[in-house]
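There are 2 protein chains.
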Amino acid sequence: MNIQNGPRKAEAIFAATLELLAEHGYERLAIEAVAARSGVNKTTLYRWWPSKDALLAAALRDSGLFAVDIPDTGSLRGDLLAVATQIHRLLTSEHTAPVVTATLTAGPRRPELGDVSRSFFADRMAREKPIFERAAARGELRSGADPVVVMDLLAGAIWFRLLLRGGDTGPNFLEEAVDTVLNGAA
Amino acid sequence: MNIQNGPRKAEAIFAATLELLAEHGYERLAIEAVAARSGVNKTTLYRWWPSKDALLAAALRDSGLFAVDIPDTGSLRGDLLAVATQIHRLLTSEHTAPVVTATLTAGPRRPELGDVSRSFFADRMAREKPIFERAAARGELRSGADPVVVMDLLAGAIWFRLLLRGGDTGPNFLEEAVDTVLNGAA
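Protein sequences appear in the order of chains A and B. Just so you know, this note's numbering puts 252 at position 151 of the first sequence, and the rest follows in order with no gaps. Just so you know, this note's numbering puts 287 at position 186 of the second sequence, and the rest follows in order with no gaps.
Quick caveat, the hints were computed from the structure, so don't treat them as lab data. Watch out, some of these pointers could steer you wrong.
To be verified - Every beta carbon over 12 Å from chain B, so not counted as near; a handful from chain A, in silico:
hint	residue
1	A111
2	E120
3	E133
4	A136
5	T144
6	D154
7	D170
As the list claims (entries may be wrong) - Simulated DEER-style distance windows between Cβ atoms:
hint	chain 1	residue 1	chain 2	residue 2	range
8	A	N273	B	E124	49 to 59 Å
9	B	A227	A	S194	50 to 60 Å
10	A	Y147	B	G140	45 to 55 Å
11	A	R190	B	A238	36 to 46 Å
Idealized CB from N, CA, C, for every residue including glycine.
Using the sequences and the hints given, assemble the complete structure.
Written as structure tokens, this is what we have:
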């Protein structure tokens with residue numbers, strides 16, 4: 102979390118926001134309840150985040166709950182496997198999975214939530230960029246390969262298997278997904 | 102649609118079900134309203150589908166709205182590009198996108214909907230299997246490559262880009278995704 106861009110109790114505020122989201126869903130998430138649970142004055146919250154969506158975007162992006170460790174294992178395969186394992190953990194852990202579900206199911210007609218999602222994944226991609234820069238420098242990435250497409254394939258496969266297709270998502274699945282993205286199915 | 106496994110007006114019933122789902126959301130989807138719109142007696146509906154979820158599963162799986170043409174272009178690349186284009190169309194067309202969104206956002210605590218989703222994608226995978234059998238016979242598929250993982254990567258990338266990351270999903274994106282799945286990013 103960037104403490105230069107928020108009030109001192111930002112982590113407590115973000116935690117309260119995401120807890121209340123998971124407990125009550127997006128519709129009933131209220132700034133008043135966040136204020137009560139985090140012990141921060143409502144006026145302070147509104148000074149930093151003018152709307153519920155602004156607060157939710159900041160919480161999802163900057164809370165420690167969704168922090169990723171950007172790995173540096175020495176190989177692109179090792180780094181992608183570490184990232185895939187973290188994505189899998191965020192989508193299945195009892196602390197984070199309910200927040201993901203509540204965000205996803207918030208409602209079909211909420212363009213603001215589309216902005217939250219885009220902002221979250223743009224930030225995530227910016228942090229993952231060094232993985233691909235190091236891989237390119239080591240000659241592990243085909244010239245012209247688009248890191249965003251690689252992450253769409255890898256993250257998308259994990260989301261798709263877990264939330265839509267169902268079925269096994271163990272270590273073998275993650276390795277097979279990484280190896281196929283790197284070496285191809287052909 | 103398999104007319105041997107449903108009443109004569111099945112397609113009208115499925116259409117009414119999916120229209121009402123898109124209009125009112127899962128919570129307020131009612132068998133009574135499906136009966137009224139399709140002109141089929143409520144008792145008939147209950148005879149075929151004992152619950153709302155059973156009807157919804159059948160509608161999503163067997164309605165012409167979500168039918169896929171299994172391509173046979175002569176190459177795995179051509180077939181996967183055709184499938185990817187169809188997935189993209191289903192997620193963006195004005196007739197199908199609202200149904201997808203309403204199903205996805207139906208609510209976090211609905212294990213029955215997980216069953217609907219698993220049943221839908223199992224059926225879809227069974228239909229796509231010949232694509233991979235033909236590819237293997239032509240020597241276009243690495244021995245040991247798992248068609249389910251290939252489809253998780255490809256479909257997952259399209260879902261992820263469209264619904265979570267946002268941004269461009271034009272023909273170039275679909276080609277890049279297919280080519281990376283086939284030939285790898287390494």
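The hints, checked one at a time:
| no. | hint | in the structure |
| --- | --- | --- |
| 1 | A111 | holds (25 Å) |
| 2 | E120 | holds (15 Å) |
| 3 | E133 | holds (23 Å) |
| 4 | A136 | holds (25 Å) |
| 5 | T144 | holds (32 Å) |
| 6 | D154 | holds (15 Å) |
| 7 | D170 | holds (21 Å) |
| 8 | A:N273 x B:E124: 49 to 59 Å | violated (42 Å) |
| 9 | B:A227 x A:S194: 50 to 60 Å | violated (32 Å) |
| 10 | A:Y147 x B:G140: 45 to 55 Å | holds (52 Å) |
| 11 | A:R190 x B:A238: 36 to 46 Å | holds (39 Å) |
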